[in-house]
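Number of protein chains: 2
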Amino acid sequence: MEYQYYMPTKVIAGENCIVKNSSVFSSLGTKAILVTGTGSAKKNGSLQDVLEALESVGIESILFDKIMSNPTIDIVYEGAELAKKEKADFVIAIGGGSPMDAGKAIALLASQDIKEEELFSGNYENKVFPMAFVPTTAGTGSEVTPYSILTNDKAQTKTSIASPLLFPKVAFLDARYMMGLGQATTINTAIDALSHAVEGMLSVRATAMSDFYAVESTKILAECLRELRVSSESVISLELRERLLHASMLAGIVISHTGTTAVHSMGYSLTYFKDIDHGRANGLLLPSFLEFIKESKPERVEQILSLMNCEDTRAFRSLLEDLLGKKETITEEEIKTYSSIAIKAKNIANGIVIAKEEDLQKIFRESLN
Amino acid sequence: MEYQYYMPTKVIAGENCIVKNSSVFSSLGTKAILVTGTGSAKKNGSLQDVLEALESVGIESILFDKIMSNPTIDIVYEGAELAKKEKADFVIAIGGGSPMDAGKAIALLASQDIKEEELFSGNYENKVFPMAFVPTTAGTGSEVTPYSILTNDKAQTKTSIASPLLFPKVAFLDARYMMGLGQATTINTAIDALSHAVEGMLSVRATAMSDFYAVESTKILAECLRELRVSSESVISLELRERLLHASMLAGIVISHTGTTAVHSMGYSLTYFKDIDHGRANGLLLPSFLEFIKESKPERVEQILSLMNCEDTRAFRSLLEDLLGKKETITEEEIKTYSSIAIKAKNIANGIVIAKEEDLQKIFRESLN
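Chains as they are written, first to last, in our numbering: chain A, 3 to 371; chain B, 3 to 371.
Worth double-checking, as some hints may not be accurate.
Intra- or inter-copy, both count: the list cannot distinguish identical chains.
[To be verified] BS3-like cross-link-like pairs, simulated, lysine-lysine; straight-line CA separation at most 30 Å:
| id | residue 1 | residue 2 |
| --- | --- | --- |
| 1 | K358 | K33 |
| 2 | K364 | K117 |
| 3 | K22 | K348 |
| 4 | K86 | K299 |
| 5 | K221 | K44 |
| 6 | K33 | K22 |
| 7 | K45 | K156 |
| 8 | K117 | K328 |
| 9 | K338 | K129 |
| 10 | K358 | K328 |
| 11 | K129 | K329 |
| 12 | K328 | K33 |
| 13 | K221 | K296 |
| 14 | K299 | K348 |
| 15 | K171 | K338 |
| 16 | K221 | K33 |
| 17 | K171 | K129 |
| 18 | K45 | K338 |
| 19 | K68 | K221 |
| 20 | K346 | K89 |
Keep in mind the hints are simulated off the structure, nothing from the lab.
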């Protein structure tokens, strides 16, 4: 039994956990930069709770609410400049994957000078602003990973910064902030979490310890996804959202240890070129990826299908198709372009079966036509 | 779903993991104090591996090999003095619970001045020597807890120091060091781990997250204990020992969050006054404690019995009796003394059913006569 396990983030979960635990912020610094998207943190109550908590412990803050979906390198440098100018000394990121990913890069860039061409190198000094994260979707798991995924226009895809420095000090999980999320976003983000758990089990870096988290997460998500399939938007309960947020966090711990696989590399093209939501992109690709793996490693795929309560890969495909609805289409030319980009990604080599470029083409073809 | 989760120790598991990961030591300091018992670390190869790893990265060390079973307050002050005198700046503790518990106190006392009467107060400055831990038994889980349990002669029991400062930076889990452990020690320590997992489930502080670890640990230990029941000493395989070490670590994560319950408070008297091994003491008491809890909370006990693959509490008692063999006896006077001490312990209030002094007496009486 060989493994390494490391996840130093303190996770605080529960209704109103930010205000109840406001003293935590005092241990992080004296002035916070609040990193958010343009709208949702204001609407769902999370920003207000953070401001209330900060006020109660007398900590100042400055708002940086410019993070777009799939954040760019420019925006994180802009945030870091603001943090320095305003003499902030810690980061609070509030939102889905995008503000959290941007928050990590800002925490790094505000604490040390890193040139743009060195940003993806991993060669950093051992310092970073402390971070507190407030996920407002249940999917990315970024609150417990050492990754920051940024849009990399030079490589025409998304690329990750990975460093143990990027683990937040604290993650606050309060599912109330998700109550206003629509059915489609809830499903897409849940499928993102599922993709993390499943890809973690299909990674060469999987261990007894990562499987422990992946198995639990997959089981919870299998139940949640079936409930989402039959529910209409108005009846997604707080209780269901809490399970989704918990499972998404567990799946984040999985990929912290295993990384992701070809599904993510391929999905990034669908997001970069066709603006397909990240979780949805993974969900579109996952059934054919499972079938591809099954040819060489049937036992592992059977284990995953059993956790999903699916008789076979067809049942798994059918569950995801019900959730994702009408699929986007893709041309042969796009298939070739995207496969040629995805094959260069680091996480291709991470699979228990290593996909060749023609395998990626076949998966794209089966998944979107 | 409300919980807090925090376990910042990096766990590195596998054969020869210390030498393979010697670079880890360079991140901890420049001179180590090695805290061990009087003999076993030298015999089982663990000390030699640590010295080899330190030499390979050019780190000096000083050996403090005086830790007795159930370490005293005097010995940890002596160790801290040596660390200061020798200008060590980090601690490597190697051994069972005693050297690890002592190592934590030494790491704390070497970094700041704490008077003996303040030692159990929890009021410390925010500094401690970094620690690397090498468990050589599978039971205490101390490598992933924020507790140091010391013999407290004033209170005539064992008392714990608890502080997040006491989490080691790194834990190395290599089951090879356990290959020479006898059947009785292997069983006693495994039962200590089981007691942690089960008491964690019987704690008012149990959460979805602590249960996640407790359920996995209990399931693994239930299998391992059955294998230990039928195996003779010579056939305890490395593979079985690896599962025990893994389960013990998981159970350590449980009590880091839940604390222990009356079983531990009561067991400390059996250890303090009658020199009964800590794990064995817990094992002697656990069946009657389960029966006591079952009167008020039958569902929770049923859940534990099901994880243990035991039909009822009698089957659970029978499994433990097979493992523990002939029991020690106890007089009525001892029962009264020990109960009056145990009832004062903090962890009594931790149970999902709070035991009164007469409940403790009844449990002692049933367990040891």
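Comparing the hints with the structure gives:
no.: 1; hint: K358 - K33; verdict: neither (49 Å within a copy, 49 Å between copies)
no.: 2; hint: K364 - K117; verdict: neither (38 Å within a copy, 70 Å between copies)
no.: 3; hint: K22 - K348; verdict: between (41 Å within a copy, 24 Å between copies)
no.: 4; hint: K86 - K299; verdict: neither (50 Å within a copy, 56 Å between copies)
no.: 5; hint: K221 - K44; verdict: neither (33 Å within a copy, 45 Å between copies)
no.: 6; hint: K33 - K22; verdict: within (20 Å within a copy, 41 Å between copies)
no.: 7; hint: K45 - K156; verdict: neither (34 Å within a copy, 57 Å between copies)
no.: 8; hint: K117 - K328; verdict: neither (43 Å within a copy, 70 Å between copies)
no.: 9; hint: K338 - K129; verdict: neither (41 Å within a copy, 56 Å between copies)
no.: 10; hint: K358 - K328; verdict: within (28 Å within a copy, 63 Å between copies)
no.: 11; hint: K129 - K329; verdict: neither (44 Å within a copy, 56 Å between copies)
no.: 12; hint: K328 - K33; verdict: neither (46 Å within a copy, 63 Å between copies)
no.: 13; hint: K221 - K296; verdict: both (20 Å within a copy, 29 Å between copies)
no.: 14; hint: K299 - K348; verdict: within (21 Å within a copy, 51 Å between copies)
no.: 15; hint: K171 - K338; verdict: neither (42 Å within a copy, 47 Å between copies)
no.: 16; hint: K221 - K33; verdict: neither (40 Å within a copy, 46 Å between copies)
no.: 17; hint: K171 - K129; verdict: both (13 Å within a copy, 17 Å between copies)
no.: 18; hint: K45 - K338; verdict: neither (41 Å within a copy, 61 Å between copies)
no.: 19; hint: K68 - K221; verdict: neither (36 Å within a copy, 48 Å between copies)
no.: 20; hint: K346 - K89; verdict: neither (40 Å within a copy, 50 Å between copies)
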